[in-house]
Amino acid sequence: EAGVAQSPRYKIIEKRQSVAFWCNPISGHATLYWYQQILGQGPKLLIQFQNNGVVDDSQLPKDRFSAERLKGVDSTLKIQPAKLEDSAVYLCASRPSGRAVSDTQYFGPGTRLTVL
Amino acid sequence: RKEVEQDPGPFNVPEGATVAFNCTYSNSASQSFFWYRQDCRKEPKLLMSVYSSGNEDGRFTAQLNRASQYISLLIRDSKLSDSATYLCVVRNTGGFKTIFGAGTRLFVKA
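Protein chains in written order, with this note's numbering: chain A, 1 to 116; chain B, 1 to 110.
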């Protein structure tokens, strides 16, 4: 079974530029998450989708971050404009049914963003 | 107060040692609990789920105390390959919001 795919793996941009990350979850997984992980910290949930609807985006900085999940499959996370403090690894994860609270989350390899 | 708090690290132990990590959570409505392992510059991977009655997987034992709202992970006979960051994870009811702790770094030395 193919895992969660993310691209690009690395991105270096200057502050105030825009950047977009792409995630392809495991086939059939209803729930998709985007996390931000700053060095030395645990992953912080940015947004959670159930199919193509947003379940939780309470920690998403909506003035600069946006995310969408077209047709309930792939997802894109965008930052516009980027700030220095956005330097982090952006992890995408997916979960099978979205119904069983005990379902395992599977993570992609992440995109490492450096903002100069 | 953070929703999920873990022991501060790092833990430095010799091979063969037993080491225990604790984690506390603040939301009493939390329903599912997990331990994830994260190697340096890699994504988190599920180590084990934590069940109410406690569960064991080889050298790893997880315990849950709902009354005190804490979770523990015990590693017996530590191996060099156990060196990693261990993340405590709590999932709440409703929207199944999943919260990660900051992680505890473990170094196992020969």
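Heads up, some of the hints might be wrong.
[Claimed, not checked] With a straight-line Cα cutoff of 30 Å, these simulated DSSO-like cross-link-like pairs (lysine-lysine) come out:
| id | chain 1 | residue 1 | chain 2 | residue 2 |
| --- | --- | --- | --- | --- |
| 1 | B | Lys-109 | A | Lys-11 |
| 2 | B | Lys-109 | B | Lys-45 |
| 3 | A | Lys-78 | B | Lys-109 |
| 4 | A | Lys-62 | B | Lys-109 |
| 5 | B | Lys-79 | A | Lys-83 |
| 6 | B | Lys-109 | A | Lys-83 |
| 7 | B | Lys-42 | A | Lys-11 |
| 8 | A | Lys-71 | B | Lys-109 |
| 9 | B | Lys-45 | A | Lys-62 |
| 10 | B | Lys-45 | B | Lys-2 |
| 11 | B | Lys-45 | A | Lys-71 |
| 12 | A | Lys-78 | A | Lys-11 |
| 13 | B | Lys-97 | A | Lys-62 |
| 14 | B | Lys-109 | A | Lys-15 |
| 15 | B | Lys-97 | A | Lys-11 |
| 16 | B | Lys-2 | A | Lys-71 |
| 17 | A | Lys-78 | B | Lys-42 |
| 18 | A | Lys-11 | A | Lys-83 |
| 19 | B | Lys-45 | A | Lys-78 |
| 20 | B | Lys-42 | A | Lys-62 |
| 21 | A | Lys-62 | A | Lys-78 |
| 22 | B | Lys-109 | B | Lys-42 |
| 23 | A | Lys-62 | A | Lys-83 |
| 24 | A | Lys-78 | A | Lys-15 |
| 25 | A | Lys-62 | A | Lys-44 |
| 26 | A | Lys-62 | A | Lys-11 |
[What the hints assert, rightly or not] The following residues of chain A were derived to be distant from chain B, with all beta-carbon distances above 12 Å:
| id | residue |
| --- | --- |
| 27 | Ala-2 |
| 28 | Lys-15 |
| 29 | Gln-41 |
| 30 | Asp-63 |
| 31 | Arg-64 |
| 32 | Lys-83 |
| 33 | Cys-92 |
| 34 | Val-115 |
| 35 | Leu-116 |
Quick caveat, the hints were computed from the structure, so don't treat them as lab data.
Bear in mind the structure is a predicted one, so any value in this text is a computation, not a measurement.
Just so it is clear, CB atoms sit at the ideal spot from N, CA and C, and this is done for glycine as well.
Structure-based check of each hint:
1. Restraint check for B/Lys-109 and A/Lys-11: the C-alpha separation of about 34 Å exceeds 30 Å, so the hint is violated.
2. For the given pair, B/Lys-109 sits about 22 Å from B/Lys-45 by alpha-carbon distance, which is consistent with the 30 Å threshold.
3. As the CA atoms of A/Lys-78 and B/Lys-109 are separated by approximately 41 Å, the hinted pair breaks the 30 Å bound.
4. A threshold of 30 Å between alpha carbons decides the hint, and for A/Lys-62 with B/Lys-109 the separation of about 44 Å lies outside it, so the pair is violated.
5. Between the alpha carbons of B/Lys-79 and A/Lys-83 the distance comes to roughly 41 Å, so the proposed pair goes past 30 Å and is violated.
6. For the proposed pair B/Lys-109 and A/Lys-83, the alpha carbon gap of about 39 Å is over 30 Å, so the pair is violated.
7. With a C-alpha separation of about 16 Å, the suggested pair B/Lys-42 and A/Lys-11 falls inside the 30 Å cut-off, and the hint holds.
8. Between A/Lys-71 and B/Lys-109, the direct Cα distance comes to roughly 49 Å. Violation of the 30 Å bound is thereby established for this hinted pair.
9. Distance check on the hinted pair: B/Lys-45 and A/Lys-62 sit about 28 Å apart at the alpha-carbon level, within 30 Å; holds.
10. Simply put, B/Lys-45 and B/Lys-2 have alpha-carbon atoms about 22 Å apart, close enough for the 30 Å limit, and the pair holds.
11. With a CA separation close to 27 Å, the supplied pair B/Lys-45 and A/Lys-71 stays within the 30 Å bound.
12. For the hint pairing A/Lys-78 with A/Lys-11, the CA-to-CA distance comes to about 13 Å; that is within 30 Å, so the pair holds.
13. In summary, the hint linking B/Lys-97 to A/Lys-62 is supported, as the alpha carbons are separated by about 19 Å, within the 30 Å threshold.
14. For the given pair, B/Lys-109 sits about 41 Å from A/Lys-15 by alpha-carbon distance, which is inconsistent with the 30 Å threshold.
15. The suggested pairing of B/Lys-97 with A/Lys-11 holds, with an alpha-carbon distance near 28 Å, which does not exceed 30 Å.
16. Between B/Lys-2 and A/Lys-71 the CA atoms are separated by roughly 34 Å; this puts the pair beyond 30 Å, and the hint is violated.
17. About 22 Å separates the Cα atoms of A/Lys-78 and B/Lys-42, which keeps this hinted pair within 30 Å; it holds.
18. For the hint pairing A/Lys-11 with A/Lys-83, the CA-to-CA distance comes to about 14 Å; that is within 30 Å, so the pair holds.
19. Proposed proximity of B/Lys-45 and A/Lys-78 is supported: the alpha carbons are some 25 Å apart, at most 30 Å.
20. Of the pairs offered as hints, the one joining B/Lys-42 and A/Lys-62 holds, with about 27 Å between alpha carbons and a cut-off of 30 Å not exceeded.
21. Restraint check for A/Lys-62 and A/Lys-78: the C-alpha separation of about 10 Å stays at or below 30 Å, so the hint holds.
22. With a CA separation close to 21 Å, the supplied pair B/Lys-109 and B/Lys-42 stays within the 30 Å bound.
23. For the hint pairing A/Lys-62 with A/Lys-83, the CA-to-CA distance comes to about 14 Å; that is within 30 Å, so the pair holds.
24. Distance hint between A/Lys-78 and A/Lys-15 is fulfilled; the C-alpha atoms sit about 14 Å from each other, no more than 30 Å.
25. Among the hinted pairs, A/Lys-62 with A/Lys-44 is consistent with the structure: their alpha-carbon atoms are about 15 Å apart, no more than 30 Å.
26. For the suggested pair A/Lys-62 and A/Lys-11, the alpha carbons sit about 21 Å apart, so the restraint of at most 30 Å is met.
27. Annotated as non-interface, A/Ala-2 keeps its C-beta farther than 12 Å from every C-beta of chain B; the closest such distance is 15 Å.
28. With a least beta-carbon separation of about 24 Å from chain B, A/Lys-15 lies farther than 12 Å from that chain, consistent with its non-interface assignment.
29. Taking the minimum C-beta to C-beta distance to chain B, about 5 Å, the non-interface status of A/Gln-41 is violated against the 12 Å cut.
30. Here A/Asp-63 stays apart from chain B, with its beta-carbon at least about 22 Å from theirs, past the 12 Å limit.
31. Interface exclusion of A/Arg-64 from chain B stands, the closest Cβ pair being 22 Å apart, more than 12 Å.
32. Its beta-carbon lying about 22 Å from the closest one in chain B, A/Lys-83 satisfies the requirement of being farther than 12 Å from that chain.
33. A beta-carbon of chain B is positioned within 12 Å of the beta-carbon of A/Cys-92; the least distance is around 9 Å.
34. With a closest Cβ-Cβ approach of about 18 Å to chain B, A/Val-115 is found to remain outside the 12 Å limit, as its non-interface label requires.
35. A cut-off of 12 Å between C-beta atoms confirms that A/Leu-116 is not in contact with chain B; the least separation is 20 Å.
Taken one by one, the earlier hints fail for this structure at numbers 1, 3, 4, 5, 6, 8, 14, 16, 29, 33, listed in ascending order.
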